[in-house]
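Residues per chain, in single letters:
There are 2 protein chains.
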Amino acid sequence: MSLEVVSNTKCFGGWHKQYRHDSSALSCSMRFAVFLPPQVSKGESVPVVYWLSGLTCTDENFMQKAGAQRVAAELGIALVAPDTSPRGDGVPDDPEGAYDFGHGAGFYVNATEAPWSQHYRMYDYVLQELPQLVETVFPVTQQRAISGHSMGGHGALTIALKNPGRYSSVTAFSPIANPVDCPWGQKALRQYLGSDQQAWREHDASVLIARGGSMPMLVDQGDSDNFLQEQLKPQTLANAAEKSNYPLTLRMQQGYDHSYYFIASFIEEHLRFHSENW
Amino acid sequence: MSLEVVSNTKCFGGWHKQYRHDSSALSCSMRFAVFLPPQVSKGESVPVVYWLSGLTCTDENFMQKAGAQRVAAELGIALVAPDTSPRGDGVPDDPEGAYDFGHGAGFYVNATEAPWSQHYRMYDYVLQELPQLVETVFPVTQQRAISGHSMGGHGALTIALKNPGRYSSVTAFSPIANPVDCPWGQKALRQYLGSDQQAWREHDASVLIARGGSMPMLVDQGDSDNFLQEQLKPQTLANAAEKSNYPLTLRMQQGYDHSYYFIASFIEEHLRFHSENW
Numbered sequence: 005m006s007l008e009v010v011s012n013t014k015c016f017g018g019w020h021k022q023y024r025h026d027s028s029a030l031s032c033s034m035r036f037a038v039f040l041p042p043q044v045s046k047g048e049s050v051p052v053v054y055w056l057s058g059l060t061c062t063d064e065n066f067m068q069k070a071g072a073q074r075v076a077a078e079l080g081i082a083l084v085a086p087d088t089s090p091r092g093d094g095v096p097d098d099p100e101g102a103y104d105f106g107h108g109a110g111f112y113v114n115a116t117e118a119p120w121s122q123h124y125r126m127y128d129y130v131l132q133e134l135p136q137l138v139e140t141v142f143p144v145t146q147q148r149a150i151s152g153h154s155m156g157g158h159g160a161l162t163i164a165l166k167n168p169g170r171y172s173s174v175t176a177f178s179p180i181a182n183p184v185d186c187p188w189g190q191k192a193l194r195q196y197l198g199s200d201q202q203a204w205r206e207h208d209a210s211v212l213i214a215r216g217g218s219m220p221m222l223v224d225q226g227d228s229d230n231f232l233q234e235q236l237k238p239q240t241l242a243n244a245a246e247k248s249n250y251p252l253t254l255r256m257q258q259g260y261d262h263s264y265y266f267i268a269s270f271i272e273e274h275l276r277f278h279s280e281n282w
Numbered sequence: 005m006s007l008e009v010v011s012n013t014k015c016f017g018g019w020h021k022q023y024r025h026d027s028s029a030l031s032c033s034m035r036f037a038v039f040l041p042p043q044v045s046k047g048e049s050v051p052v053v054y055w056l057s058g059l060t061c062t063d064e065n066f067m068q069k070a071g072a073q074r075v076a077a078e079l080g081i082a083l084v085a086p087d088t089s090p091r092g093d094g095v096p097d098d099p100e101g102a103y104d105f106g107h108g109a110g111f112y113v114n115a116t117e118a119p120w121s122q123h124y125r126m127y128d129y130v131l132q133e134l135p136q137l138v139e140t141v142f143p144v145t146q147q148r149a150i151s152g153h154s155m156g157g158h159g160a161l162t163i164a165l166k167n168p169g170r171y172s173s174v175t176a177f178s179p180i181a182n183p184v185d186c187p188w189g190q191k192a193l194r195q196y197l198g199s200d201q202q203a204w205r206e207h208d209a210s211v212l213i214a215r216g217g218s219m220p221m222l223v224d225q226g227d228s229d230n231f232l233q234e235q236l237k238p239q240t241l242a243n244a245a246e247k248s249n250y251p252l253t254l255r256m257q258q259g260y261d262h263s264y265y266f267i268a269s270f271i272e273e274h275l276r277f278h279s280e281n282w
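Line order of the protein sequences matches chains S and P. Going by the numbering used here, the first sequence opens with residue 5, and the numbers climb by one from there. Going by the numbering used here, the second sequence opens with residue 5, and the numbers climb by one from there.
For the record, the hints were derived by calculation from the structure and aren't laboratory data. Please note that the accuracy of each hint is not assured.
Copies of one chain are not kept apart here, so a pair can be met inside one copy or by any two copies together.
[Claimed, not checked] Computed list of lysine-lysine pairs in DSSO-like fashion (alpha-carbon distance at most 30 Å, straight line):
1. 14 / 46
2. 191 / 166
3. 46 / 69
4. 21 / 46
5. 191 / 247
Predicted, not measured: the structure shown is a model, and the values here were computed from it.
Just chain S, same shape as in the assembly (with noise of 0.2 Å):
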């Protein structure tokens, strides 16, 4: 398991880092980044919240955008950002070059269909082979929560729902929460994993939350969205996990639309929900 430190930066008190290692999950080489707060110098272990982002998206643009730093160093948090997809020459890519299938829209899962099933494997990076490595080098604790944006809170929402002791959280903004009924969803879906939509089930976070369970949930929409109706739709969620009597708080945020600006003005949130539920 060997790390290349790529980048170093002080930022709010402590640091951001971005790694380069060589995958096994993916079979590829994968940049991330890792926000370690104040705490870590002083020598305290810290908590993490996993970050996974949307669509085209590498590690980068959470860490330059959200601007959740800040309230990271507040709390005591390690923030760590994967990229969106196996990346590299050698990683098969939507032959047109979609920007919404193959490099930078991983969906956070297991491809079981030619030719992406040897690269394409982000739900086993996202929940064992990197917590696994940041686990191994940082000085962080067992305490996980998850988050992520559009594809990203697909991504985070379903990991969370499909393995409940594994984080003490969960929140996503502006998720693609019903991707088995949206073109986003079924274009990657069909791709990475076959034909039999009961296999798209088993990655649709208002599929999973009807089965219940009862890890704290929050997920923020801005209700100016432009993907909200063809794309998103959160109230599928809503309404599935109203019938399991799932603990989701879901916010219409009015005015806001489906970028970096809607996840700066409420990931303090984000970060505080996850920081009460350790």
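Position chain P against the provided structure of chain S, taking the given hints into account.
Then chain P, alone, in the frame of chain S:
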């Protein structure tokens, strides 16, 4: 004076907006960004902090990466971020496309040399045309402060020092503090202003501050900044300020580099500084 709305995004209860207009100072179409805090929606007029960005930036870098809107929303401050040079096919650029001259590198001067003098008049644009437009179109007071980073720190300091009645306060991150004596400054000033170094000195913060003044000034500089010794030279500014009794506060910030992670870490203190000095 016609303004085209490019984007309109809710952020921290206020609005981040991008506009395009035909600049008479620069003889080209220009884009700029404004953050209007929530107080504006309640009918209040608010003061303005102008932000000047560094080499290669547009109006977007600061708005996306500094996280300034949170505190601006709290304090009731509008933020205005212009581009860093005239742009477009009709605007001459560095023949080799260098990052430190031409497009993205206007250095906040009025060029006197051909072929630059037709368009490269960022000094007039920032000092006159843009505030005039902002104060006509938006519900702002005539309270102004100015700040910037690197080349934009140079711009903020020199424009403020040359126009003491125009701004209430000035701050800078990692400014090019003595451009007549560094490669970035010499390259740009020679081409924009000609070979007579006396003209350059009229755009050098360390020269100007030696003449005295009393506008409150705060400068933050990371001591792990790669450009510190060769390009930035804050100590020259501090020495000149000391001789002229100028009220400069220069803070060397341990471990910080030249990036927006540094700006994000301290922008709150800069906005509070401006807010205390209206």
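- Query: Honestly, which of those hints from before does the structure not fit?
  - Reply: none
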